[in-house]
Amino acid sequence: KQEVTQIPAALSVPEGENLVLNCSFTDSAIYNLQWFRQDPGKGLTSLLLIQSSQREQTSGRLNASLDKSSGRSTLYIAASQPGDSATYLCAISNFGNEKLTFGTGTRLTIIP
Amino acid sequence: ETGVTQTPRHLVMGMTNKKSLKCEQHLGHNAMYWYKQSAKKPLELMFVYSLEERVENNSVPSRFSPECPNSSHLFLHLHTLQPEDSALYLCASSHVENSPLHFGNGTRLTVT
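Protein chains in written order, with the working numbering: chain A, 1 to 112; chain B, 1 to 112.
FYI, nobody ran anything at the bench for these hints, they're computed from the structure.
These figures come from a predicted structure and were not determined experimentally.
Misleading hints may appear alongside valid ones.
Stated by the list, open to error - Subject to a maximum C-alpha distance of 30 Å in a straight line, what follows is the list of computed DSSO-like cross-link-like pairs (lysine-lysine):
#1 A:K42 - B:K18
#2 A:K42 - B:K22
#3 B:K36 - B:K19
#4 A:K42 - B:K40
For reference, chain A alone in the conformation it holds in the complex (with noise of 0.2 Å):
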């Protein structure tokens, strides 16, 4: 079964630094691998998807990696500003979007 852990649970870092969100697995047979974000009371904005092939994507200041070997992906997040203050959560698929595995998230909040 697989497990996905995120941590810190929250996270505050000083506007305009760079900063790297970890998720970890247990499971390295993976479809594919996603980052979220979610704004309060709001529903999942999709970020990046790694497919298992892949080794990194990226999208403006935001680039994810893939480490299938060691069970680990970051989310590296570049000049950070107060809008980016959400909660961020990491998803795998062991088999299609139908067996996503959620981590519990960490909680961002850039300070200005």
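Chain A is already provided as a structure; the job is to place chain B on it using the hints.
For chain B alone, coordinates are given in the frame of chain A:
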């Protein structure tokens, strides 16, 4: 505008009531999902419909009953719920193939 619309946004119901949650997507996706989000717990997959056929019923109690009349609409019928069913219920959609999930803003359900 997320492309996935859920109604109502908030719902308070007694344990003997019957109510329905509605989800609609205008993204041309062919898979739809119901997730439950409780405080401090990972998102729990409840139901998956792929090409309008239910493909996943993740051991959900029978007091929750899904319905997918077409590829754009998804319902979750609720009856005789328990207080522990209070949570944020999220609908999502995607292409069946390897693609990111798109979520609605959820229905905040309170069972009294």
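Straight-line Cα separation of B:K36 and B:K19 no greater than 30 Å?
16 Å, holds
Are the Cα atoms of A:K42 and B:K22 separated by 30 Å or less?
16 Å, holds
Against the 30 Å threshold, does the CA-CA distance of A:K42 and B:K40 hold or violate the hint?
Judged against 30 Å, a Cα distance of about 16 Å means the pair holds.
Need the status of pair A:K42, B:K18: alpha-carbon distance at most 30 Å?
Between A:K42 and B:K18 the Cα gap is close to 25 Å, so the pair holds against 30 Å.
No hint from the list above goes unmet by this structure.
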